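Just so you know, the sequences run in chain order A and B.
Numbered by numbering that gives the first Met the number 0, the letters in the first sequence go through residues 0 to 757 in order.
Numbered by numbering that gives the first Met the number 0, the letters in the second sequence go through residues 0 to 757 in order.
These aren't lab readings, by the way, just hints derived from the structure by calculation.
Predicted model, so just to flag it, every value in this text is computed and none were measured.
Be aware that a few hints might be false.
The list makes no distinction among identical chains, and a pair is therefore deemed to hold if it is satisfied within one copy or across any two copies.
Here are the simulated EDC-like cross-link-like pairs (lysine to aspartate or glutamate), alpha carbons at most 20 Å apart as the crow flies [unchecked claim]:
{"hint": "1", "residue 1": "K354", "residue 2": "D189"}
{"hint": "2", "residue 1": "K133", "residue 2": "E261"}
{"hint": "3", "residue 1": "K172", "residue 2": "E186"}
{"hint": "4", "residue 1": "K624", "residue 2": "E585"}
{"hint": "5", "residue 1": "K751", "residue 2": "E75"}
{"hint": "6", "residue 1": "K279", "residue 2": "D526"}
{"hint": "7", "residue 1": "K165", "residue 2": "E227"}
{"hint": "8", "residue 1": "K110", "residue 2": "D161"}
Here is what each chain is made of, one letter per residue.
Number of protein chains: 2
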Amino acid sequence: MDLWKISLNEYNNYDNKKYETLFTLANGYRGIRGALEFSSKGNRGNYIAGIFDKSQSQVTEIVNLQDPLGFNIYIEDEKVDMDECVLDNFNRELDMQSGVLNTRFIATTKKGKSIDIRCERFVSRNKINRWASKYELTPLNFNGKVFIENYIDGSVTNGAWDVMNKNKHFKVKSIFDSNPGIALTIETNDNNMKSLELTTLMGENERGNIFKTRRYSEFGETVSEVYETYMTEGKTATIFKYGISLSDKDMKCDLFTAGTSELKDFIKDGYGAELEEHKKIWRKIWDEIDIKISGDEKAQLGIRFNLFQLAASAYDGDTKVSIAAKALHGEGYKGHIFWDTEVFMLPFFIYTRPKVAKALLMYRYNTLKGARENAAITGYKGARFAWEAADEGLEVTPKWGFDYDGNAVRIWTGDEEYHINSDIAFGIVEYYRATNDKEFLVNYGIEILLDTAKFWQSRVEYSKAEDRYEISSVIGPDEFHEHVDNNVFTNYLAKWNIEKALFFKDWLKTEDNVVYKVLCSKLGLNDEDFKLWDIMAEKMYIPKSEDGMIIEQFQGYFDLADIKITQYDENEMPVWPDFEGNKLGETQLIKQADVAQLMIMLPEEFTDEVKKSNYEYYEKRTMHKSSLSPSMYSILGLAVGDRQNAYKYFMKAIFTDLEDNQGNTDFGLHAAASGGSWQSAIFGFVGLRVNKEGILNINPWLPEQWEDLSFNINWKGSRVSISILKDKIKVDSTGKITLNIYDKKYLIDKEKQLVIAR
Amino acid sequence: MDLWKISLNEYNNYDNKKYETLFTLANGYRGIRGALEFSSKGNRGNYIAGIFDKSQSQVTEIVNLQDPLGFNIYIEDEKVDMDECVLDNFNRELDMQSGVLNTRFIATTKKGKSIDIRCERFVSRNKINRWASKYELTPLNFNGKVFIENYIDGSVTNGAWDVMNKNKHFKVKSIFDSNPGIALTIETNDNNMKSLELTTLMGENERGNIFKTRRYSEFGETVSEVYETYMTEGKTATIFKYGISLSDKDMKCDLFTAGTSELKDFIKDGYGAELEEHKKIWRKIWDEIDIKISGDEKAQLGIRFNLFQLAASAYDGDTKVSIAAKALHGEGYKGHIFWDTEVFMLPFFIYTRPKVAKALLMYRYNTLKGARENAAITGYKGARFAWEAADEGLEVTPKWGFDYDGNAVRIWTGDEEYHINSDIAFGIVEYYRATNDKEFLVNYGIEILLDTAKFWQSRVEYSKAEDRYEISSVIGPDEFHEHVDNNVFTNYLAKWNIEKALFFKDWLKTEDNVVYKVLCSKLGLNDEDFKLWDIMAEKMYIPKSEDGMIIEQFQGYFDLADIKITQYDENEMPVWPDFEGNKLGETQLIKQADVAQLMIMLPEEFTDEVKKSNYEYYEKRTMHKSSLSPSMYSILGLAVGDRQNAYKYFMKAIFTDLEDNQGNTDFGLHAAASGGSWQSAIFGFVGLRVNKEGILNINPWLPEQWEDLSFNINWKGSRVSISILKDKIKVDSTGKITLNIYDKKYLIDKEKQLVIAR
């Protein structure tokens, strides 16, 4: 097994959508789903992060842009169509090490002509506006005319699979014979945002150019160039397709002029040179992100898939976009950004690619205006980050959706899932703690901490009877229960958010008094507020069991019908217990980690004993109906000694998409599960956490078959390499750091390897 | 076997294009190819006779208009796609008697849901702008939500199968939510001709309307309405799709206003009522056109297919359109009009539907302006009808095409195939002879006869040496030989054309002297011309063998390599003989009937002996590489006693498309073969011809297995019904007529049946 390659050896067009997701190539700027040029089955997708449009949709959504992949081969009058030809030697392979997608097959047409087709595609990480394909075509049993069509399809819609909800978010603005190549510009309906796709072909064999004539055509919303060539049995022709994608998000000048010049530069640089640069960058990224697992090939391949896709979904070049729940891999959740980013994905970036982590947090800073508007229009103060956010930070959660039976149901998450605010605050503190990036904290982070705290100030309710602060009618991470009061996850993190705001404003006061004063003035805060925050934090209500050992997920939860999970399916996932007579929300069954989630995020706030009793209580009641859940339980399980389930949950998390275990990989990557996979490995098996003093701890435990778990992290500017072996642990660091291993403190110095026995 | 139905019981999407042609529904005004709504494979076609456009094409072509057939069924989230579902009980049936296309199958989706689908479609012969479908849908193993999508696709191109030549001939002009229904208007590129498609759905079961919600959408070049409904296992829902098609060819008012009002009227009248009217008209048409053959089911079904499609391809409501070589059934020959119409199809209409025949001839009259322009720009006088004509009568034959090996070759037919002029004159004389329509002759027909004769006057060349008139460098019906001199078919018919012009101008002079004078003045003719015409006709060179028995197809033909056909393939068609060392044009092999064609068109001009020797000579050298050829040889064969081959050629002709024996039925009907089929039955087996005195003759011979051959014809306003039985012949007539049977004269009076023994 090549532990860098995701392979597919059987073609079944019913699975095309799933593999389009798995084989998506992205570079943070944009994503192109792994569509097959030679099949019309599937759902092609071409997305540029940050290009959203609402027009006829219920809410704004990421725009599925014009499709530049169009490529047809006609052997005389027969089009090579995978769904009509006989296929042999079919293979697709995502080479994660180099970020290249390979497709190979032999197609035999109805008339019996066989052609060997090998395609290579990459979306450049070197120059983000570049992408390219290479086609190696070898006639196996014929000589003759072959027509190669290159086209850009502007007839694309969003939600093409859903006839009641599909929408077209743009108009084709202009079509050009661009010399070189063909160009198609679109303009989004609402904001008139433009995007250009520009592509051309260069065909050659050992004697140079193979193209004889070119025909340029426009067909309504499609632009096409067709090249005639003559192919000879057994001789391979190589065709390079060069692509340039631009949007006026990137540049305000004329897209067409800029694009044409970029395409010429790309051709001048050459396909091979660009591919080399692209691979070089992926090598560098892998050096930062890889987790090596020896002794468990499945786990090794699986974790790499998640690291690859996560790293592909973000870059540090744009501070106005973030990673959607389905990343750049599909239209599920409409390209919206959830807490998934800060709570599930961000830790990966903080510890491996901190510049990207900063860019992701900057997206929140840059959408504060929308967050403030969300607060204002719902009657609150400060910043209320949207449960689902898009380009402006405004709340874009749909108000209506469908339940499992297809009945329309009101979606309350956008109204009630307030914890997103503290989740973002959490991301900021985590980022600062690991990077020591004061510049970010002073200029951006603290403003968010203060303004989210200010929101909580306006949101909490004082109960005179109990002399405590409460937060009623919310939804916690467990979305089976709506309109609940005093969800602990929400209350605890609100309290924590306020505390961190207070802590860092004190810090800022001395660190940079001018910024402090400007912020107080800008946000309308003074010592009266801070005094009140202190009280609020102190008196925040946290429901618990009578003995204090089990946190009550929300007020009244323990009074619900106590239905427990007793059976597991063939995938070791919970089977719905019988809860006849009760609605789901009337039981203690929960969708996903909620109290457990809190304990993972703030491990230092709970004793091991409390963690264990809560883990045991809630694990039996968690249905894992969110891909966010298994990885979290693996982490908490490891913290409390449940090693058996930890591995199961880890594997579940890393194979969320590869095994399509939520059944909806068609619609995009489960990016939070990818982030959770990293956390499960590093926070779970390695046991990496930062204690109250800010010291890094590791506390590794590896499954029996794992012989070595190696990875790198960034810690306050140092690059720390850790290998957990059967009998020892090796640590290297590029800078002086303190590290607790199994609760024992070690000082590690630059270029002096620490080796300790296990 | 139902002798009214063309059936298909196996689904293979590779054959979709062929069956789209065979199952085309047309009403003269327009044709809709028999596409399957539930498959994306094939080449949908929607044509309105007379809507042509050139724009990027080599020559103007009939426009494949926006497609109104769009209809999808979604069972929850699964689209019913014939190419993805498992199909059972598949059956398609063209009911020729009523002009209705039925499709039926049971589709089972990937998720195992089975639905029984029965579709009925007709293109109304009652109101030509109406067409409709009925869908009966029965869930076989599920209850649940079903979404029905009705859409009009404006992304259509011509030549979609041909990547180097496909073109889009229109722009989508406007899209409306038209209440009722959806509407999409297009405008052709060159002439800004508009066409509107307007459709809507009405769904019902036994309790009335079944639709719950409707969604209207526009997607670029497509407009869609989707209805949500709930279906129950075993219960049939019936959905009617109403369609209105208009063009500004029909009306100069606002298409959208007119269309909406027409659609409302259609819904008011109801699907059933319109279908009844449509069937009533088809019953009437069949009463005029049917040929009943007892004792030979294959021949019966085959001949009916040709009669049906020919009758479907024309109507008497438009004098500015004619029947294309591929009728309204496909884009082959670009929708152009050839001699096929006058020489092959027109006789059918003259004898069965004379009003339609008149409309077809009026198309030539109405395009005289173009014909005069053709003459002028090639240096001639009078009217030169185009070898290939479209909307304006200008020559639109492509200048370049491809040979069998795909090499570009210059097409000379538009330059040299002059005989089209006499072919049209021939049609006029035939029409007049059978109908006695003096009004047509006086006001339109003679003008054509004179102006084509005037063309010949300018075209013939006088040879002083031989004291004869010659026509050099032409192509005759046999297109294997180009640039030939004195092709007899051309020369003979030119001579005949001049003679008929002279004859009818004399007739006109007494019949209507004013028209005569006006015509002379308009066409610039005087007695000097007429005198010259007389000489030209008399001295026209007709090459013959030395004994005068065999006409030499063209001057020098006998000197060519005399390669004869010696072998026949499994379909009894000629196998290419070896002509190594010669090019095809250097041999005596010919493409199709040429001298034979002349003898069929002008049977009274040649003795039986001459016919026989020419038949025998040329039959051995004719490759039948045109679908126009076999039927003609069957007629001449029967005239000279070759009964064995006659039946073979007849069957070949009637199965041209049903058995796709030219291999290109995909691209449309071989309408000339359909016309030839009628001629083969009536002019061949019945031996119907008009002698020099203008008396109708029949001289029947039937193949052994034929027990009865019955048909109706119109003869000078009388309807004559003839039955040829084994032992007798029965003739009825609605008016007094004279009829020669086996060269014996009979007078037949109104409502007195003539019965004679055979």
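Verification of the supplied hints:
1. K354 to D189: The answer is neither: 32 Å in one copy and 57 Å across copies each exceed 20 Å.
2. K133 to E261: Within one copy only: 19 Å inside a chain, 54 Å across chains, cut-off 20 Å.
3. K172 to E186: Answer is both: 6 Å inside a copy and 19 Å across each meet the 20 Å cutoff.
4. K624 to E585: within (17 Å within a copy, 80 Å between copies)
5. K751 to E75: neither (66 Å within a copy, 63 Å between copies)
6. K279 to D526: neither (53 Å within a copy, 92 Å between copies)
7. K165 to E227: For K165 and E227, only the inter-copy Cα distance (14 Å) is at most 20 Å; the intra-copy one is 37 Å.
8. K110 to D161: between (36 Å within a copy, 16 Å between copies)
Going through the hint list in order, the structure does not satisfy hints 1, 5, 6.
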